[in-house]
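Engineer: Listed here are the chains, written in short residue letters.
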Amino acid sequence: MNKTFNQKAWYFVIPVFVLVAFNAAVPLMTVVNYSFQETFGSNVFAWEGTRWFKEILHSERFHASLGRQAIFTFIILLIQLPLGIFIALTMPKKGWGVPVCLILMSMPLLIPWNVVGAMWNIFALPDIGFLGNSLNSIGFDYNFTQQSGDAWFTTVLMDVWHWTSLVVLLSYAGLNSIQPAYYQAAEIDGASRWDIFRYIELPKMKKVLTLAILLRFMDSFMIYTEPFVLTGGGPGNATNFLSLDLVKMALGQFDLGPAAAMSLIYFLIVLLICWIFYSLMMKNEART
Amino acid sequence: MAKITLKKLSHSYLANQNNDSDWALRGVDIDWKDGGAYALLGPSGCGKTTLLNIISGLLKPTEGEILFDDKDVTTLNPVERDIAQIFQFPVIYDTMTVYDNLAFPLKNRGLSDIEIDSKVKEIAEMLELSSTLNNRASGLTADGKQKISLGRGLVRSDVNVIMFDEPLTVIDPHLKWVLRSKLKELHQKINRTMIYVTHDQIEALTFADQVVVMHEGQIVQTGTPVELFEKPKHTFVGHFIGSPGMNILPCEIKNGQINFEGKVLPTNTRIKKTNFSKTQVGIRPEFINFSNDGIQVKIKRVSDTGRHKVVDTECKSGNIKVLASASTEIPTGSAHISFDQKYTYAYGDNWIIE
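Protein chains in written order, with this note's numbering: chain V, 1 to 288; chain W, 1 to 354.
It should be emphasised that the hints constitute simulated quantities derived from the structure, not laboratory data.
Some hints could be false.
With a cut-off of at most 30 angstroms between alpha-carbon atoms, the simulated DSS-like pairs for lysine-lysine come out as follows [said to hold, decoys possible]:
#1 V/Lys283 / W/Lys107
#2 V/Lys93 / V/Lys204
#3 V/Lys204 / W/Lys321
Distance windows between CB atoms, simulated [to be verified]:
#4 V/Tyr224 / W/Thr169: 24 to 30 angstroms
#5 W/Gly35 / V/Leu214: 51 to 57 angstroms
#6 W/Glu80 / V/Pro112: 50 to 56 angstroms
#7 W/Arg109 / V/Ala118: 55 to 61 angstroms
#8 V/Ile103 / W/Arg301: 42 to 48 angstroms
#9 V/Leu211 / W/Ile190: 43 to 49 angstroms
#10 W/Arg301 / V/Val16: 54 to 60 angstroms
#11 W/Trp177 / V/Ala70: 58 to 64 angstroms
#12 W/Thr169 / V/Phe153: 51 to 57 angstroms
#13 V/Val247 / W/Asn77: 38 to 44 angstroms
Over 12 angstroms on every C-beta distance to chain V, these chain W residues come out as not near it, computed from the model [claimed, not checked]:
#14 Asn19
#15 Asp31
#16 Ser181
#17 Leu186
#18 Lys189
#19 Phe229
#20 Ile248
#21 Gln257
#22 Asn292
C-beta: ideal position from N, C-alpha, C; glycine also.
Kindly produce the complete structure, drawing on both the sequences and the hints.
Structural biologist: If you want it as structure tokens, here you go:
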């Protein structure tokens, strides 16, 4: 067989290499570079080895923001998933209600994130905001700028408002792909509404729900813009989540070395959790 | 078990009905005996699935009533009617084992664990699923899954009727044959009323004692496979059943006789009524012979299928297909054909004249 050897095809791959290099590899390697060194600006670097990593891993400040982040993500997953599924189940399957619901559901997803933060900031202001004012006028002592519980409540509520739609839309798509014969068979088998949900709808939604959980985990674990605009991490450090803390360390204190080490640890945590989660969800899939 | 009576059943998916085409079912009357095997046969969109869903209670008919053993069940739901239905695509509960799938309809009806266990094992034995009882149902092949669907229908001993909605569509051809014989065997064993919906004439004719042929929402003929073949009551049955289908050609009816191509065609049926807007003569390709005199035709094409030859011929009124045995010498050019008068029928406005 006569094979022509021609390596020119590699030229076609070059643009991708360049793109990936500039938007992923180079910035990431810069961060890696920073994480092992101390810098005082003007491109003067001193080798520090694993010092920043050790410092971050033992830092109480990091532990605290990681803990806040984990609790926040856990709470919003706990609320958004069941709520999203529930809304998807109650949405109409045909008629004029479908486009109305879909448009209403998509709206929060289309709003720029900093606008969401600003909207909720104004909405929740205790003196002039509709939410804050109403809560105070019916007797709640509500002030998200000063009380950490209120700040958490507002941040969670904002995220639920902003992102539950994503779970709804994914679940709705999953539900709509179920053949009517499944419902008919269940009806004939005498299944209850709960049985239908448990044995038909939930298993059939498994793939979209895996996607929903992964997306919501990643986005909420890396949340920055909305709480930055809403609370700025406050009051005190009450809503100082990981990414907010990271930015404070990198740009506020200009501790580039520790901030780089923290970024890498942060990145590895997200990667690890996603991997564990995905493997768990797909374990049964592989067996069948 | 029950006998099934349908009275003047009509159904429309539209809120307002203006003409015949707005109806999915029109005036269906059926009397089915207890323990019979029936097939509903017709092309896609003829209303057979609609009819099936009405019998099972998944749909409420627009008009008419359904009786099981003379008891009106029109307003009852599928559970109250105690029926089983098997669908075109295998419906299984993915997360359950094969055992739990089969046990599910029994559990929902509150049977004791011991009863459930013996019934599930009996059905699994019958369907050759015993070895996979503890496997997850989602891991089975398409025919295995369809067997589970079948098993969930058969596991309840109290069902009035078991209905099949084209259950072999997704099954491989060689397994189709196996499952079909299985169904026939089960019917003989458990002796329950079974209704089988299909668009495949072979499936219908091999499964059922009585075949109901449907066309545009109406029943055009009910009969045994032989009756449908030998004496189609409607031109549609002639076309649809048999391969190739019946030859149906325009003719004139004068003085109770069929005039075709300038000749009087002898027939065994007595023709009384004559006031039709369209009259036709029908003869199956199997009942036409080449002869010395008779209708003159041009031979257009001969296709040899191995077992027999299909001869396409042409006369002034249209094309006529002739089925000849493989050993028959087919004349070339022009020839004469004659019809077997026992199987020559006249049709007025598509319905048989008799």
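Engineer: For a quick check of understanding: which of the numbered hints are violated here, in increasing order?
Structural biologist: When the structure is compared with the hints, numbers 3, 4, 8, 13 turn out to be violated.
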